[in-house]
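Q: Fit chain W to the supplied structure of chain G, relying on the hints for placement.
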Amino acid sequence: MTPEEILKLPSMPAVAPSYPLGPYRFINREFMIITYETDPVLLRAAVPEPLVPNAENYVLYEWIRMPDSSGFGDYTESGIVIPCTFNGEPINYTAQMYLDDQPPIDGGREIWGFPKKYALPKLEVASDTLTGTLSYAGQSVAMGTMAYKWQEAPGGCEAQAKGMTKTSCNLKIIPDVDGSPKICQLVAYNLENITVKGVWVSPARLQLIPHVNAPVADLPILRIVGGKHFVSDLTLPHGRVLFDYIKDAAG
Amino acid sequence: MNKQDVLKLSSMPLQSPTYPTGPYKFFNRQYMIIQYRSDPAMIRKLLPEPLQPDGDIVSVQWLDLPDGEGFGAYSAAVQTIPCTLNGEKCNFLVQMYVDNCPPLAGGREIWGYPMKFGQPKLVTESDTLTGELVYAGQKVASGTMVYKHSSPNDLSEIEAMLKRTQVTLKLIPDIDGTPAIAQLVGINFDKIVVKGAWTGRARLEMVPAVNCPMADLPVREQLGGLHIVTNMTLPYGKVLHDYLA
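Residue numbers (our numbering), protein chains in the order written: chain G, 1 to 251; chain W, 1001 to 1245.
None of these hints come from the bench; they were simulated from the model. We treat Cβ as the ideally placed atom computed from N, Cα and C, and that holds for glycine. Check each hint, because a few of them may be wrong.
What the hints assert, rightly or not - Derived list of chain W stretches under chain G, where covered just means 3 residues or more per stretch with a C-beta under 8 angstroms from a C-beta of chain G:
| hint | stretch |
| --- | --- |
| 1 | 1014-1025 |
| 2 | 1044-1055 |
| 3 | 1151-1163 |
| 4 | 1178-1184 |
| 5 | 1230-1243 |
Just chain G, same shape as in the assembly (with noise of 0.2 angstroms):
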């Protein structure tokens, strides 16, 4: 292998690389996102600077169905969305992340730092409920319901799709082999391509499990606002740093 051979490799390993290059398009992407309203000094504590929590203190807690993704394949992921803004702008913060499959874990982490970990989320219909859970290491950590496509979402797919181009990020974190911190980032990205396929709001129910190695319970439920169901084709390109810590911190 020639050094220009290893500056073309996606990723590790280079025998079978974990993932391939980008864009990635995701077909039939289907989420059940549950907002909910919850302690502002614990919402301050997990968003970090120079991110600005919303003032109305919510959160959102999704699960994503994946049964079709370029270069991942079939998977399904639970995880926190904290809506903040950065300079003014509102931006969605991806605070924890959980999958069951490992490519999209390390490009994910590695590319863009998303705060994944592997786990066993599951997004089904189950009889009348649309129905999330959550297990890490053989614990239940989370379950989400929400009344089976009772209302279509005001403004339907179009505002719908407007509403998924809003920027989001992640902070990146990728340690140097000597332990120090090479990569500290906050990164951005804003989905393309997106079309939505169907759009529906309901009642919703959440319960949140203290565990410590999937903390999703740290930000406690104090009212459901409400849940919204969607499926959606979507492309998810590279993106750009909005702040690096490392050269940015002292300011």
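A: Just chain W now, with coordinates in the frame of chain G:
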């Protein structure tokens, strides 16, 4: 969280880092190492320059790691190629499969261990030390060794073998898809205590699989097995070669 505390995080996510800071001690770490003769042209193809092949005897190893600091209990399967870098003897790690995410994420992100998720298993089945590797539902490798037939007199040779520098090709992309890190990394285990070692006959079988291509290094001749139980410490590594420099 303020900016200075962000810089102190050992890993993602902020609310529960996947792995702590090292070094990492391992207790009762058990190896089955099966050596075999393979194809010299394929060895040359899989070795990143400037590493040079050191013979045509490669290995597939199964590891049982019941007690790893920060990582917990897990198993691994590894394929290695002996090589030299500037004349120094080392082992290049071609591919590794583990069944536990924190050592997988930490392994890739800190040292560039070429780890993917699989289901390796190292167990004693009646009279046979048995290694298995399942990837995406398919059995792709199995190894067997006679159980504790003979023990070498001098354990210091085993210790010297475990001290040989491990080399990985660490690749981490930047957010725009270009390479951010492309290095050969050297790792040397520390505080090795060999608690037992045995040699004996062994056999290896590998099945071609695209995402777990252990069989790309074919078996030309079955050689012997080595069974080791150790305590050891995995420290940080050092950059041996930087492809971006």
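Q: Decide, hint by hint, whether the structure agrees.
A: Structure-based check of all given hints:
| no. | hint | in the structure |
| --- | --- | --- |
| 1 | 1014-1025 | holds (count 6) |
| 2 | 1044-1055 | holds (count 5) |
| 3 | 1151-1163 | violated (count 0) |
| 4 | 1178-1184 | holds (count 5) |
| 5 | 1230-1243 | holds (count 5) |
Hint 3 from the list above is the single one not met by this structure.
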